[in-house]
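Engineer: Same order as they appear, the protein sequences are chains A and B.
This note's numbering applies: residue 1 is where the first sequence begins, and numbers increase by one.
This note's numbering applies: residue 1 is where the second sequence begins, and numbers increase by one.
Do not take every clue at face value.
If several chains are the same, the list does not tell them apart, and a pair holds so long as it fits within one copy or across any two.
Straight-line alpha carbon distances no greater than 30 Å define the calculated DSS-like cross-link-like pairs of lysine-lysine that follow [to be verified]: (1) Lys48 x Lys156; (2) Lys235 x Lys218; (3) Lys218 x Lys140.
Because the hints were derived from the structure by calculation, they are not lab data.
These numbers were taken from a predicted model, which means no experiment stands behind them.
Protein chains: 2
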Amino acid sequence: ILVGDEPRILEAVSKDSSSPGLPPSITIEHEPLCIGMEEPPSAVFRSKKRCSLAMSARLVAEGRAQAFFSAGNSGACMAAALHHLRALEGVDRPAIATLLPNALGWMLLLDAGANVDCQQHNLIEFALMGHVYAKSVMGKAKPKVALVSNGDEKIKGNTLTKSVASILELLPINYIGNIEGNALYSGKADVVVCDGFVGNVILKTSEGAAEFVQNTLKREIMRDPFSRLAGLMLKPAFRRARRVADYAEVGGAPLLGVRGGAVVGHGRSEELAVLNGIRRAAEGVSHHLMEETEALMKSCATAQPRKIQAL
Amino acid sequence: ILVGDEPRILEAVSKDSSSPGLPPSITIEHEPLCIGMEEPPSAVFRSKKRCSLAMSARLVAEGRAQAFFSAGNSGACMAAALHHLRALEGVDRPAIATLLPNALGWMLLLDAGANVDCQQHNLIEFALMGHVYAKSVMGKAKPKVALVSNGDEKIKGNTLTKSVASILELLPINYIGNIEGNALYSGKADVVVCDGFVGNVILKTSEGAAEFVQNTLKREIMRDPFSRLAGLMLKPAFRRARRVADYAEVGGAPLLGVRGGAVVGHGRSEELAVLNGIRRAAEGVSHHLMEETEALMKSCATAQPRKIQAL
Numbered sequence: 001i002l003v004g005d006e007p008r009i010l011e012a013v014s015k016d017s018s019s020p021g022l023p024p025s026i027t028i029e030h031e032p033l034c035i036g037m038e039e040p041p042s043a044v045f046r047s048k049k050r051c052s053l054a055m056s057a058r059l060v061a062e063g064r065a066q067a068f069f070s071a072g073n074s075g076a077c078m079a080a081a082l083h084h085l086r087a088l089e090g091v092d093r094p095a096i097a098t099l100l101p102n103a104l105g106w107m108l109l110l111d112a113g114a115n116v117d118c119q120q121h122n123l124i125e126f127a128l129m130g131h132v133y134a135k136s137v138m139g140k141a142k143p144k145v146a147l148v149s150n151g152d153e154k155i156k157g158n159t160l161t162k163s164v165a166s167i168l169e170l171l172p173i174n175y176i177g178n179i180e181g182n183a184l185y186s187g188k189a190d191v192v193v194c195d196g197f198v199g200n201v202i203l204k205t206s207e208g209a210a211e212f213v214q215n216t217l218k219r220e221i222m223r224d225p226f227s228r229l230a231g232l233m234l235k236p237a238f239r240r241a242r243r244v245a246d247y248a249e250v251g252g253a254p255l256l257g258v259r260g261g262a263v264v265g266h267g268r269s270e271e272l273a274v275l276n277g278i279r280r281a282a283e284g285v286s287h288h289l290m291e292e293t294e295a296l297m298k299s300c301a302t303a304q305p306r307k308i309q310a311l
Numbered sequence: 001i002l003v004g005d006e007p008r009i010l011e012a013v014s015k016d017s018s019s020p021g022l023p024p025s026i027t028i029e030h031e032p033l034c035i036g037m038e039e040p041p042s043a044v045f046r047s048k049k050r051c052s053l054a055m056s057a058r059l060v061a062e063g064r065a066q067a068f069f070s071a072g073n074s075g076a077c078m079a080a081a082l083h084h085l086r087a088l089e090g091v092d093r094p095a096i097a098t099l100l101p102n103a104l105g106w107m108l109l110l111d112a113g114a115n116v117d118c119q120q121h122n123l124i125e126f127a128l129m130g131h132v133y134a135k136s137v138m139g140k141a142k143p144k145v146a147l148v149s150n151g152d153e154k155i156k157g158n159t160l161t162k163s164v165a166s167i168l169e170l171l172p173i174n175y176i177g178n179i180e181g182n183a184l185y186s187g188k189a190d191v192v193v194c195d196g197f198v199g200n201v202i203l204k205t206s207e208g209a210a211e212f213v214q215n216t217l218k219r220e221i222m223r224d225p226f227s228r229l230a231g232l233m234l235k236p237a238f239r240r241a242r243r244v245a246d247y248a249e250v251g252g253a254p255l256l257g258v259r260g261g262a263v264v265g266h267g268r269s270e271e272l273a274v275l276n277g278i279r280r281a282a283e284g285v286s287h288h289l290m291e292e293t294e295a296l297m298k299s300c301a302t303a304q305p306r307k308i309q310a311l
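Same shape as in the complex, but just chain A:
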């Protein structure tokens, strides 16, 4: 179901000479209003209750769709999902999960920015939700779950992470302990758990550091004609290396812990990114992410009633 301004959708479709019109399996829900990239996220349930984003979330809430994807205003996308889709039983705060490349493939980082102030039970829920996603959607038999800290050793961490670590050890997941930033990209963990503030720091610092390395290298390569020539020869290798961390390959970040699926895409998404974002949303549905998550949440609440209630 394409949600948006029908005339503009049909116009875009007609430009593609390979497809004369929409295939019959694709329908359109007409909603001309949309949220701008600079508008406050809360507009989606305040001044612009009627907009394509809100309608997408409502389609899922009403059971007419099972998941939605948007590459629009990320904050508004989150807000629409949180406002219209209820949290799963046992989940206090849904989390944004980001797929990141590492030396062995892909890992899931959560929370990537939805919850900047977290309590113990939030991080524990993130660990459980991340475990389910890595197992059912990413196909990892026994996902390695790690907690971001300032050292590998058990004694490292702040008050919050140390209290969380002692509970993660009791849960029916493959908790491997603390992970420090320098091991993030080694493939040591499949699921990396942290609060949304730290998650944002990790994502953005990685981006900044990678860019700094590339710019430094570029500057040194441009320093003399001999290096410049070698640099030209390496263009295809550089291009292939860049593709490893390309958001278009991922498509979007799934919102975990809500009833229904929601995937938040990058504002600069083009065809490939949108295709992969929709694929990501469909994956969650076909792998019963929601049902599996709810089942684990329930079994943990039953198995560790005192612990979980004490959180």
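Given chain A's structure and the hints, the job is docking chain B onto it.
Structural biologist: Structure of chain B alone, referenced to chain A:
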């Protein structure tokens, strides 16, 4: 003053054929005991009260030296400084400051790991101490001080950083607002403030991300003989690029906020790193870092008594 096992120091000196013995300006304080790299930091004031590290800190505390540098056990180095050197007036928690390269030169990040649980007044003190270091030691006329957050906008941040931001605006420093990870290496800020947990995440994630970029690039370069040849041609450029982030150029991380100077070096320090580490320690003394810091702390406490007392 070289602190350590005298026979071993003299033996090391005698191996250097260019210098027949120590110059008269250099003396030795004999202390054969030392803290191993794997020993717990607290050993420095518990089981090994007598050791070269503790003696170095005591020399500063007693006024026989003005600063010390060590490339030994970092935790123990911190512990020795905190145990023997008193905190400056107005400073609740001293901080480890790290010099990091950016697109325009160098910036100072603090706290880099000494304090994993911070309150409002700790981050404010870090901002003030960082300001003084950047101004007096790094020679920045009007250092740009920024607070690590999950977005540039004023409304972004967690409960702690938002409350800190509103106070930083009132202080006599050039506070430029929030900084997000992706802008860290751009040169936007001269002083970057965060708690020690986040500081460690930034340092280690940068390390991990940079390594991942380099390894990915290397793998793509090794893929075919043509790229491998170009890669060989670029060896000098790669080497120059690596040097930009070489800890040996920095020498060590200064501990700010204590009476006397302390610089913590990397455990793998060789000649250049040790030389620069000692230079860093001397710099703090010759630029009156301690006196300038104390003066600013006092003037802020006088100018904003209600605010500072309310922290």
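Engineer: Failing hints, ascending?
Structural biologist: none
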